[in-house]
Amino acid sequence: VPILLARIDDRLIHGQVAHGWGRALRPTLMAIVSDALRARPDDAALYLLAAPEGCEACVVSVGEAAAPEFLARAEAARTILLFPGTADALLLAEAGVPLPEVNVGGLHVAPGRREALPWVWLDDDDIARLRRLAALGSRVEARDLPTNPPCALEDILGRVNS
Amino acid sequence: MTRHRPLALLVTHGALGEELVRTVESILGHLTEVTTLSNSGLSADALRAAIEERILEVPAAQPLVLFTDLAAGSCGIASRRVDVAGRPVRRLTGVNLPMLLEFFHYRDTMPLDELTARLETKGKAGITVF
Chain A
1 VPILLARIDD
11 RLIHGQVAHG
21 WGRALRPTLM
31 AIVSDALRAR
41 PDDAALYLLA
51 APEGCEACVV
61 SVGEAAAPEF
71 LARAEAARTI
81 LLFPGTADAL
91 LLAEAGVPLP
101 EVNVGGLHVA
111 PGRREALPWV
121 WLDDDDIARL
131 RRLAALGSRV
141 EARDLPTNPP
151 CALEDILGRV
161 NS
Chain B
1001 MTRHRPLALL
1011 VTHGALGEEL
1021 VRTVESILGH
1031 LTEVTTLSNS
1041 GLSADALRAA
1051 IEERILEVPA
1061 AQPLVLFTDL
1071 AAGSCGIASR
1081 RVDVAGRPVR
1091 RLTGVNLPML
1101 LEFFHYRDTM
1111 PLDELTARLE
1121 TKGKAGITVF
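Chains as they are written, first to last, in the numbering used here: chain A, 1 to 162; chain B, 1001 to 1130.
There could be a bad hint or two in this list.
To be verified - In silico SDA-like cross-links for lysine to any residue, where the CA-CA straight-line distance does not exceed 20 Å:
id : chain 1 : residue 1 : chain 2 : residue 2
1  : B       : Lys1122   : B       : Ala1085
2  : B       : Lys1122   : A       : Leu48
3  : B       : Lys1124   : A       : Glu53
4  : B       : Lys1124   : A       : Cys58
5  : B       : Lys1122   : A       : Gly137
6  : B       : Lys1124   : A       : Pro118
7  : B       : Lys1124   : A       : Ala67
8  : B       : Lys1122   : A       : His108
9  : B       : Lys1122   : B       : Gly1094
10 : B       : Lys1122   : A       : Asn148
11 : B       : Lys1124   : B       : Leu1016
12 : B       : Lys1124   : A       : Val109
13 : B       : Lys1122   : B       : Asp1108
14 : B       : Lys1122   : A       : Pro146
15 : B       : Lys1122   : A       : Pro52
16 : B       : Lys1122   : B       : Arg1081
17 : B       : Lys1124   : B       : Phe1104
18 : B       : Lys1124   : B       : Arg1091
19 : B       : Lys1122   : A       : Arg114
20 : B       : Lys1122   : A       : His14
21 : B       : Lys1122   : A       : Ala51
22 : B       : Lys1122   : B       : Leu1112
23 : B       : Lys1122   : A       : Gly15
24 : B       : Lys1124   : B       : Tyr1106
25 : B       : Lys1122   : A       : Glu53
26 : B       : Lys1122   : B       : Asp1083
27 : B       : Lys1122   : B       : Tyr1106
28 : B       : Lys1122   : A       : Leu46
29 : B       : Lys1122   : A       : Arg23
30 : B       : Lys1124   : A       : Glu154
Hint data in this document are derived by calculation from the structure and do not stem from the laboratory.
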């Protein structure tokens, strides 16, 4: 099964992902792709606790996520990839892993970021990375829940700049 | 035989029920077949009558799960006193978010009594001390 969802969300595994998307997509693997979290096993364990029943969860580095062993595991399961920010998602795509759909699900307020949606705030680096993902072939859209309408990349960027 | 989707009725103090539903919707998306009733301004008898009225508004064969907050509060007591008129009504106290998420996740697939047993288990499992 191809990757069901590649989601950028600084909350990683949380209610909307475990329940909202989980109910719609019935994942059997949630993989957090994050070099930073991979280096902090105690923090990683907290996020893994939030995985829904019947769904495995793991934290992998970008390098591990790009390796054939992981990709085989991900494709053998029903997989959701979660990224804490735009950087890890772009690194994985640049490592050659195709991400046909990139869902921006939550990037919250931080210094230097401007509001696109109440739950999507972007700085210049984020904008450049999302554009780069699109150039690499990803369809980038913001969507908090599967039952809500998506907001396409150009609309997101238009809102940031308006 | 047509299987009816259980309806949720949250009977709570103040605006708690409405806020719980709003919060669940922020996690799961828009919900249907869920309704709330506040005890605000209602005497014990009026609250009981209001719950009974809601029960009778539901088609007779449709199950209804009645969630209340405090078992020993006006909502919990009223929910114990209601005449369910032979309807398939199940009553739970101590409503919390884990319980409601389970309800909306499984209400279309799980038999009613299995579902309510699961809600009790998951509602309690959502409480941890660390």
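For each hint, the structure was consulted:
{"no.": "1", "hint": "Lys1122(B) x Ala1085(B)", "result": "violated, 29 Å"}
{"no.": "2", "hint": "Lys1122(B) x Leu48(A)", "result": "holds, 18 Å"}
{"no.": "3", "hint": "Lys1124(B) x Glu53(A)", "result": "holds, 16 Å"}
{"no.": "4", "hint": "Lys1124(B) x Cys58(A)", "result": "violated, 26 Å"}
{"no.": "5", "hint": "Lys1122(B) x Gly137(A)", "result": "violated, 42 Å"}
{"no.": "6", "hint": "Lys1124(B) x Pro118(A)", "result": "violated, 33 Å"}
{"no.": "7", "hint": "Lys1124(B) x Ala67(A)", "result": "violated, 41 Å"}
{"no.": "8", "hint": "Lys1122(B) x His108(A)", "result": "violated, 30 Å"}
{"no.": "9", "hint": "Lys1122(B) x Gly1094(B)", "result": "holds, 12 Å"}
{"no.": "10", "hint": "Lys1122(B) x Asn148(A)", "result": "violated, 27 Å"}
{"no.": "11", "hint": "Lys1124(B) x Leu1016(B)", "result": "holds, 19 Å"}
{"no.": "12", "hint": "Lys1124(B) x Val109(A)", "result": "violated, 34 Å"}
{"no.": "13", "hint": "Lys1122(B) x Asp1108(B)", "result": "holds, 17 Å"}
{"no.": "14", "hint": "Lys1122(B) x Pro146(A)", "result": "violated, 24 Å"}
{"no.": "15", "hint": "Lys1122(B) x Pro52(A)", "result": "holds, 12 Å"}
{"no.": "16", "hint": "Lys1122(B) x Arg1081(B)", "result": "violated, 26 Å"}
{"no.": "17", "hint": "Lys1124(B) x Phe1104(B)", "result": "holds, 17 Å"}
{"no.": "18", "hint": "Lys1124(B) x Arg1091(B)", "result": "holds, 16 Å"}
{"no.": "19", "hint": "Lys1122(B) x Arg114(A)", "result": "violated, 39 Å"}
{"no.": "20", "hint": "Lys1122(B) x His14(A)", "result": "holds, 17 Å"}
{"no.": "21", "hint": "Lys1122(B) x Ala51(A)", "result": "holds, 15 Å"}
{"no.": "22", "hint": "Lys1122(B) x Leu1112(B)", "result": "holds, 15 Å"}
{"no.": "23", "hint": "Lys1122(B) x Gly15(A)", "result": "holds, 15 Å"}
{"no.": "24", "hint": "Lys1124(B) x Tyr1106(B)", "result": "holds, 17 Å"}
{"no.": "25", "hint": "Lys1122(B) x Glu53(A)", "result": "holds, 11 Å"}
{"no.": "26", "hint": "Lys1122(B) x Asp1083(B)", "result": "violated, 27 Å"}
{"no.": "27", "hint": "Lys1122(B) x Tyr1106(B)", "result": "holds, 12 Å"}
{"no.": "28", "hint": "Lys1122(B) x Leu46(A)", "result": "holds, 19 Å"}
{"no.": "29", "hint": "Lys1122(B) x Arg23(A)", "result": "holds, 17 Å"}
{"no.": "30", "hint": "Lys1124(B) x Glu154(A)", "result": "violated, 45 Å"}
Hint compliance for this structure: hints 1, 4, 5, 6, 7, 8, 10, 12, 14, 16, 19, 26 and 30 are broken, all remaining hints hold.
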